[in-house]
Amino acid sequence: MLEVRNLEVVYSDVILVLRGISLSIPDGSIVALLGANGAGKTTTLRAVSGLLDVHNGNVTKGEILLDGEPIHRKSAAKIVRLGVSQALEGRRILAEMSVEENLRLGAHTNHRSMDANMERVYHLFPLLRDRAKSTAGYLSGGEQQMLAIGRALMSAPRYLLLDEPSLGLAPLLVQQIRDIIVEINRQGTGVLLVEQNAMMALSIADHGFIMEIGKIVMDKPAGELLDDEDVREFYLGLSGDEVQSFAQVKHYRRKKRWLS
Amino acid sequence: MSTLLQAVLNGLALAAVYALIALGFVIIYKSMQVLSFAQPALMLFGGYFVVYFSSRLGLNFYLAVLLAIMVAGLSGLVIERSFLRPMVGKPVFAVAIMTIGIDLVVRIITGNLFGVESGGIGATGDPWGLGLFIGDPAFGATFHWGDVVLNQRRFAAIVAALLVIGILLAFFRYSRIGLAMRATAFDQEVALTQGVSVSSVFALSWAIAAALATVAALFISPNTGTIDVNMFAFALKALPVVVIGGMDSIGGALLAALIVGLAESLTITYQPVYAGFLGGSFSQVVPYLVMFVVLLVRPYGLFGTREVERV
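Just so you know, the sequences run in chain order W and D.
Counting from 1, one number per residue, gives the positions in the first sequence under our numbering.
Counting from 1, one number per residue, gives the positions in the second sequence under our numbering.
Don't read these hints as lab results, they were simulated from the structure.
One thing to keep in mind: the hints can contain errors.
Claimed, not checked - Calculated cross-link-like contacts (lysine to aspartate or glutamate; reagent style EDC-like; alpha-carbon spacing at most 20 Å): (1) D:K90 to W:E96; (2) D:K90 to D:D187; (3) D:K90 to W:D13; (4) D:K30 to W:D13; (5) D:K30 to D:D187; (6) W:K78 to D:D147.
If we strip away everything but chain D, and leave its shape as in the complex, we get (with noise of 0.2 Å):
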């Protein structure tokens, strides 16, 4: 029992990275109509900020990510301004090849920055300061409850998840320009008639996924905490996240960030001990395999517009 709950808790600490980085790809996504293969470089650019502000420069951890996210939106806006820009109104092929270049750019650049070395994500132990808030600054990295064991990181992950989605969608639900994003996605040309700036949603679409892949690289590795250039590849896990959510559905996208989470968790759990004879990591191929077996059934994805484009 404590090894199937352990399960589910790390798979909802995976789900909540997957879903943040998966909600970028979806709101880029829905106001352009182009699948973007830049997440993985934004997540890595983001975290080496996370890195610089608070292990090199030794700033408060919260300040730090604070920074980072700021810096990761702003280089989002100047990635749609300067690259973007100019292909509006160009075949939506040619923008998301166009997508895949600048991730390899931001990739480099990122690399040049870290160096050879992994960079830390906070301190070890409690960047969080979760002792704090519990009123025990000598409390450790993880919490026990009986044989389960939760990470701090991974409990950080579901908090910070949950917390940054909801503003998320209020924001999309309540405030003047979430509207006007809704609105962009849902009809570009009555967003215009109404006085919506539709290069400025474009532009902050950029900016908000940017946001989110920061927070995403938080989290990546929940054990040992620290960020390299190669953990790109984790952010194309949520490319299948985002299929099986049906790309322009944010609801689509968190369901199946859950699904796919759980699925992975799951895997690493008992798939050594019941199926031995698939090979170790085969956990990694679990996101994948689920994505087959959506998109075979319903081709759209789960709560994808029927006739969504081909990239």
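Excised from the complex, chain W in its bound form (with noise of 0.2 Å):
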């Protein structure tokens, strides 16, 4: 079990970003964070992987706890041998060098293991297989995301958590990526997953939460959120009743807040 336990973040030493939220992500569920741009869910995921010192911020109050031990004050390569890996947003693969090399360094943590480990992202991706000797550069951004959940896979995780995994990719890819973080889960790791498509990740979650300027505001298992008559107003443009025309488009959605 991976918890977050009433967590506020500081960058800074300034702002404010995290404002106590808490949440937790049982072995092998899908766990999903929701959001708005700003609210904290990248932050959430940094202070989870021990990247706050990259960014200059700080964990000022609350904890993270895996299996019961405070691991918010360990360093982000011991974070990663504990089992907890992350995929960043935007890909962020080493274009330089080639697919295999990026796979490797996926196996940093987990030399020994390697080959095992590199055949498991092969039999999930098989498109790596046939470009292991490209450029990683040189790949598409479906296939770029792929290499990049990949190498989060190559330390073999417990959890793995993914910042907006569909992020610019076309439909399309956007289902297959959602299979196989199914198929990721299905083996047993257990998946936090940022985004803003709302609709693929609570269709494949098993709870989800929403966050709102560094608050959790919504905290349901996911198809109870699916229903959600705000849920689906805000975040999959679906209101009540289904607007027939463009024309009974609002303008502007009236303003709300979950809180104040």
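Hey, can you piece these two chains together into the complex? The hints should help.
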């Protein structure tokens, strides 16, 4: 169980980004974390995988627990070794290096079982096997995303954190990525899925959290979120009675917050 | 013809030394985005230990070199750990100035270690034991092919540089740690998410730079085979090499070393004959002249990334 408890994060000592959020990822489940831009989703992931230092951020309150052990003071390298691996937003593959080298980098902490893990990644993404020797920067967007996810899997993590894997991909590719996430989860890896594409995320998640300006405002099983009136309107673009014609689409949505 | 061949051979030897020093600069720059001005001092420091182990303790020359490389690499680690680690996250400019301070301190320490005498790098004549390799222990200090004379130290410089650079490139290409270093240079945050300890990469890059500088120190005075504290200026000529190559490119640094080494050596040979009015020692200026010309055409160096930071 990976747990975030009452976490507060401050950037540059002054910018309060997370105001006490709590969420948990049970072993082997998919948890979706949704929210508008700037809500603090990426910061949450950074805190979990120990990347706040790079961005001059600090955990000022709360804790992150892995099986009850606090990990929020540990280094990023240590956290990866403990089995929490992240694929960063925007893919961030090593464009100058080959696909295989990218995967080898992913195996940095788990060198011994590199071959087995690489076989697993190639099995999940057969495309990557064909292009193993080609330069990663020349892959298409979808292939790059697959590489980023594959690289994160090379450490054989117990928990995989995915930051917007559907970013900038065509609908068909989003479907493909979605199916792969389900398959990864089926093989026993817990997934924390941060997404703008709420429909995709909620359709595969067991549980969903919705964030707004640094707080969790909704915490429900994914099925309930999908049926929720407000979620449907804000995140899925569906209102109670379907709009039949574009003429009736409101130009301004009513500003609504769950809090205040 | 033999004059030209002679100049080219000497130029290659010079290029080998420049390449070794320049690689140190580039490796540190790539991992930390800091231009380290401490390379000259590290070179002397490593050189001193070669002198100490080989001449003053009288150890086997190769063993002495190996020990000196280890001592230098270790002090590279210590320097990074104690002076540069606290500077992580500080402006690059501040860190670069810091390295100037480190250079001065290490150079003064080395000066005290040396004392007033200059030290001999191994025995005079044939420290490399090349005679043994070719089965002729009485073999002299030079190779002769017709009029062309190749000093043994120059020959050793070329061979050693090829060997060391080859090992280094293979290390970066095939080893786990080398890959982690390249990844850190490319995208630090990504390296972190894959479990690479970026601070160890910084430390390792200093150790490698110091070790390379030590190997370079063996060859900075090919004629006399001695080294003293005032020779730090030699390493400064690797700075134009790095700038010409483009700061963050290993291939660029190697090519630039070749260009500068050959240009300097050809100038030594031909300038007194054809352009004597430029005065003696004009060759000393040549690296900077080449840098000037290259920067006019390509401000970011031959192979540098365009938006390389200014220091």
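Open item on the list: If you test the structure against every hint from before, which numbers come out violated?
Closed with: Failing hints, ascending: 1, 4 and 6.
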